[in-house]
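Please take these sequences and the hints and turn them into a complete structure.
So the sequence lines, in the order shown, correspond to chains Y and X.
Residue 25 in my numbering sits at position 25 of the first sequence, with consecutive numbering throughout.
Residue 85 in my numbering sits at position 85 of the second sequence, with consecutive numbering throughout.
Source of the hints: derived by calculation from the structure; they are not laboratory data.
It cannot be assumed that every hint is accurate.
Claimed, not checked - The calculated DSSO-like cross-link candidates involving lysine-lysine, where the alpha carbons are at most 30 Å apart (straight line), are:
| id | chain 1 | residue 1 | chain 2 | residue 2 |
| --- | --- | --- | --- | --- |
| 1 | Y | LYS104 | Y | LYS55 |
| 2 | Y | LYS59 | Y | LYS107 |
| 3 | X | LYS9 | Y | LYS107 |
| 4 | Y | LYS57 | Y | LYS3 |
| 5 | Y | LYS3 | Y | LYS71 |
| 6 | Y | LYS111 | Y | LYS63 |
| 7 | Y | LYS104 | X | LYS9 |
| 8 | Y | LYS111 | Y | LYS17 |
| 9 | Y | LYS104 | X | LYS14 |
Computed from a predicted structure; not experimentally measured.
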Amino acid sequence: SQKIEQNSEALNIQEGKTATLTCNYTNYSPAYLQWYRQDPGRGPVFLLLIRENEKEKRKERLKVTFDTTLKQSLFHITASQPADSATYLCALERGSQGNLIFGKGTKLSVKP
Amino acid sequence: NAGVTQTPKFQVLKTGQSMTLQCAQDMNHEYMSWYRQDPGMGLRLIHYSVGAGITDQGEVPNGYNVSRSTTEDFPLRLLSAAPSQTSVYFCASRDSYNSPLHFGNGTRLTVT
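Here it is in structure tokens:
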């Protein structure tokens, strides 16, 4: 069965540094991959989508890469701020209806 | 600018009781879905719908029923609640096949 793994449950970094989160998947070749942010007590909020034919996508301080050979996506936050502290989820589409399956998330803490 | 609205925010049930979790969206999205989120398990798809009158099972459908009589509403029914259904439930909708999911802020359900 398809498996999606975010290899860190938690990541602690200093303000101003670049945070790098990893998402790996197996047994599947998704057409696209999405990243979401979730704050405590709230639903996930969409951040970025990257398609299989795109190597990299950027939005302000966020950058996502997608390596279909390694079956891996990297999510970067540059010049991180305490306000970036949240749980970040990656998600892949699965099946003919494009249902999303989610990783378990990485909880990022940015210390001032 | 309501988006996806879930009610109630919190609910406590006794084993064997039934209830309906409400979900409504005002974006005219055809696709709607229900996920549950448990610690260490991530988001898991319960049921989804690709339009009014059409529903299908996700990866963890047992113990839950859904219906889709209108585009706007997608209620989730627990016919006989069990402690294993203690979780946070999220409803989500999207515009088209590879567009982002819009989530509600969840219903926290405890079954004693």
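### Query
What are the numbers of the hints the structure violates, in ascending order?
none
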